Amino acid sequence: MIDRLRQFFYRVTSVFRRERLDHELDAELATHLELAIEENLQRGLSAEEARRQALIRFGGKQQAIEQHREARGLPGLEILFQDLRYAVRALFKNPGFTIAVVITLALGIAVNATMFSMVSAFLLRRPVVHEPDRVAVVTSINVGRGFLPDTNPVSAPNYFAWREANSVFSDVSAADEGRTASLTAQGKPEALASAAVSSNYFNVLGVAAQLGRTFSEGEDQPGRDHIVVLSHELWERRYGSNSSVIGSTIRLNRENYVVIGVMPATFHLLGFTPHLWTPLTLTAADRAASARKDRALYVFARLKPGVTVEQARVEISNLARRSEQDFPETEKGWGTAVRTLPDFLVYAFGIRNGLAVMMTAVGFVLMMACANVAGLLLARATGRQEELGIRIALGAGRFRIIRQLLTEGLLNALLGGAVALVLAWWGINFIGTKMTFNEAISAVPLSLDRNVLLFVLGVSVLSAVLCSLAPALRASRTDISTILKAESRAASAGRSHSRLRTVLVTGEIALALFLLIGSGLLIHGIYLLEHQDLGFQPDHLLTAAVTLDSAHYKDAAQQTSFVRYITSRLQNIPGAGAVAVASDLPATGPASVTVQIKGEPDLPANQALTSRAVVVSADYFSAAEIPVVHGRTFTETDNATASPVVVVNQEFVHRLLHDQEPLGKQIRLSVSGPAPKWCEIVGVVANVKNYSEGPDEDPAVFEAFLQRPVASFSIMVRAKTDPNSLASDLRNAIEQADPELPLDRVMSMTSVIELQKGGDVLFVRMLGIFALLALLFAAIGIYGLIAYSVGQRTHEIGIRVALGAGSRQVLRMVLLEGLKMTAIGAAVGLALALPLPKVFGAMFIGINFVEPGIYCIVPLAIVAVSVLATYIPARRAASVDPTIALRNS
Amino acid sequence: MTSSKLDLLQGTLDMMVLQTLTAMGSLHGYGIARRIEQVSGDKVFLNQGTIYASLVRLQQRGWISSEWGVSSNNRKAKFYSITKKGRKQLSEDAVNWQRLASVMSRVLGMQEEGGE
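Protein sequence lines, in the order shown, are assigned to chains A and B.
First residue of the first sequence: 1, per the numbering used here; consecutive thereafter.
First residue of the second sequence: 1, per the numbering used here; consecutive thereafter.
No lab work stands behind these hints: they were computed from the structure.
Just to be clear, a hint being listed does not mean it is correct.
Stated by the list, open to error - Label-pair ranges, simulated between beta-carbon atoms:
1. Pro305(A) to Arg106(B): 40 to 48 Å
2. Met110(B) to Pro305(A): 56 to 64 Å
3. Lys85(B) to Arg85(A): 33 to 41 Å
4. Phe399(A) to Arg106(B): 38 to 46 Å
5. Arg89(A) to Gly25(B): 44 to 52 Å
6. Gly25(B) to Ile2(A): 22 to 30 Å
7. Arg106(B) to Gly397(A): 54 to 62 Å
8. Arg87(B) to Pro305(A): 46 to 54 Å
9. Met104(B) to Gly397(A): 30 to 38 Å
10. Glu78(A) to Arg87(B): 29 to 37 Å
11. Lys85(B) to Phe399(A): 31 to 39 Å
Claimed, not checked - Reference listing, derived: stretches of chain B covered by chain A, where coverage requires no fewer than 3 residues with Cβ under 8 Å from a Cβ of chain A:
12. 14-26
13. 59-65
Computed from a prediction, not measured in an experiment: that's the story for all the values here.
Ideal Cβ placement from N, Cα and C applies to all residues, glycine included.
Please build the complete structure, drawing on both the sequences and the hints.
Written out as structure tokens, the structure reads:
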């Protein structure tokens, strides 16, 4: 092995010491001949004969030198250098051509690299935990379906049961991820995403703290649980990366917590990365059957050695079946899902489909760029036929010619790749600054990482092969006898070239059409959503999020009194209209509950009626300006002592009550907390979209805040003028009511909606850019082909004109040629694009992709562009002066 | 005339060079070529030039070493000598070769018997 390496090393170095080694060999061979001649002279031969004999015995001198060089160096490497030298010369000889090729490829590669940086950041980056593929995440599958139904958390009783009964995991931990903690530092309360995790959580993941330590056993017991681990980001931002924070006491949820550790910056689990971790304390109450409705825990478990995820899946589903038999009321219809940690994180992030569409789109853009470059190379190959003919005549083999042209293509593509890296760097920064709409997304930094660099290299090489292979194969088949005879050039050279180019351009048109229709459908669908009527009035509405901590607001009475106080205070702000609180802001996707209707038979769990449920204060409907259709809404007298009442929306009446008279009907909701009561429907309001970015309107039921208060809610203030002008008044009011209560996300309702659909805007913009790029490439491709073929046919056109063809006829002939390709390409592209609405419909649920208009507009646009691209060279052809044309050739 | 001379099998020239250097010590390219011709009784068809490809190959493998010196008649020439590693290689190759040769002669002998 070492010998092999040494030999290889010699060979490589001798490629670079070529001159000196050649010189030495020359000297050696000269000595050889002199010695031979001398010996021959001594044998009595004449001087001339001695020399002749010596040369005969030596054999071919050039052959010996070649053999020596082959044995000495690496012939492949030497040829590569030769080709590269030649390619560089060719590059500089024709700078215009080079620039066109490099820029085309650079654009194509750059959009791919930019998109790929997202793939790399979101899909390829492995969580920095010990053997991430051996960590399994157990989740519930929601009976109620909804968005990603199989990523629902698990209830505490199930966590205990599965942790104790399973035989597939070596250790099982749980995390309650969705908590909000209020951190008070320097007198300023701040709401932070926090997670309560079992004491073995970090051990199961196999991560250690960067500073201090993580939780140890027993610290999840009440009394020992006032300790906290900080995220690197929080430590940096709030504590200035000061390591003395370890051991210090911080104020969290109005209580004192001791900081025991800081996690490393690399510990990042996509959507499951809170700002701080506290121990998860589970008590006997959490084991009770009544706790089964409360599904809040994500279960992270380490697989035993040798156990596969599949085995774990089977085991957990068996255990789930057991609890379903024991507790049918709460468990019926709920399933379980087990995924590896990397898989789960990416899946739960829900970004895969969007990225797949984007990567396909940019892949097409790259293919079109390659087709254009292939067209350019083909055109140039025709111009270089004479040169290639001479090389073939001098003995260059077919393979050697292909190799040389591929080397040139590779050089072009690598230059394109280098320029693309610069463009991609810019593109990645641009997207990075635009991706602030979601904390989890903006927390993942995009960068030109190693994956992206490798991707660019790979794509460059691939595009080099894609765009230079066809021209190279074609050129290598050059027939020297016809090429070298100058007079045959004008007649038919390029016939087959133009056929290949026609195929390329036709394909390009088909791709462009496909891409334009695809992006058109997506852009149109998203545009419709953005401009839909949400069912309420988002303008002039100020909002803020509040979480009342259990430490200070122990019971329902304290929660309602806070809300009573704050709403009445806010109403007195000058410029404020109706004020309300709600568990969810309108059109922000409230949670679903199952519904029972009095007098109707109980349905099995998997067919249970479901409805979205929102808890609202009395003035919610007037603050949001949701029209009341029937009956009444809540009043201040609908309080804890009054009989429970609810308001439903029209969809509820239609779907769940089958349009019967709703007022007076009694319903019961499966909400958490004390045993649910029967509630009377007292009013019906108009529908509001579930999400601002979707068209769906589910049944919804509204409960009165005074009757079922919640700890986490949003405040809504209807403003007479700019809602943001009331923000400071709102802050002051809260601070006076409770100085340690953090106010989160103080912003206008329109900003809430903007943030919620921020991704779509970016998505649409990027698609628009890709579509334009595709159209541009197609136009350049058509223009290049027609211009080139007109140039080739100058002679023929000259003859036609000389024989009496008018300029209109010539114009028509050339235009028809272009239109023919466009028509074929467009037809192919149209056929390919027909199933797109179905495909998109399956990928992006809830968006309307049926828009026949796009199927008319896009082909028309393509035809228009290609007519324009054809017209310019066609005009030139029509103005050919036959005397000049015939003389030139 | 050429038909009566032996064409060299791949690799045999390398062995001949190594053996020559073992027997003669340090020698220049021409000397090696002449020596092989003489020993073979002019039966080997050798373009003397081909010896140089063999020499560079052997040198890269570390089986021979070279240095510039002055020949007996005062000419500057590159002298080759076998290394320790080269000797080891040669003895291995020689054993192999002799085994192959004896097997070959037996196989060929069998064919003659079968022909009768």
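Hint by hint, here is what the structure shows:
1. Pro305(A) to Arg106(B): 40 to 48 Å: violated (58 Å)
2. Met110(B) to Pro305(A): 56 to 64 Å: Hint holds: Cβ distance 60 Å, inside 56 to 64 Å.
3. Lys85(B) to Arg85(A): 33 to 41 Å: Check passed, 37 Å falls within 33 to 41 Å.
4. Phe399(A) to Arg106(B): 38 to 46 Å: Holds, at about 44 Å.
5. Arg89(A) to Gly25(B): 44 to 52 Å: Once the Cβ atoms are compared, 50 Å apart, the range 44 to 52 Å for Gly25(B) and Arg89(A) holds.
6. Gly25(B) to Ile2(A): 22 to 30 Å: holds (28 Å)
7. Arg106(B) to Gly397(A): 54 to 62 Å: Between Arg106(B) and Gly397(A), where Cβ atoms are some 44 Å apart, the hint is violated.
8. Arg87(B) to Pro305(A): 46 to 54 Å: Hint holds: Cβ distance 53 Å, inside 46 to 54 Å.
9. Met104(B) to Gly397(A): 30 to 38 Å: holds (37 Å)
10. Glu78(A) to Arg87(B): 29 to 37 Å: holds (33 Å)
11. Lys85(B) to Phe399(A): 31 to 39 Å: holds (37 Å)
12. 14-26: With 0 residues close enough to chain A, the hint is violated.
13. 59-65: holds (count 3)
Going through the hint list in order, the structure does not satisfy hints 1, 7 and 12.
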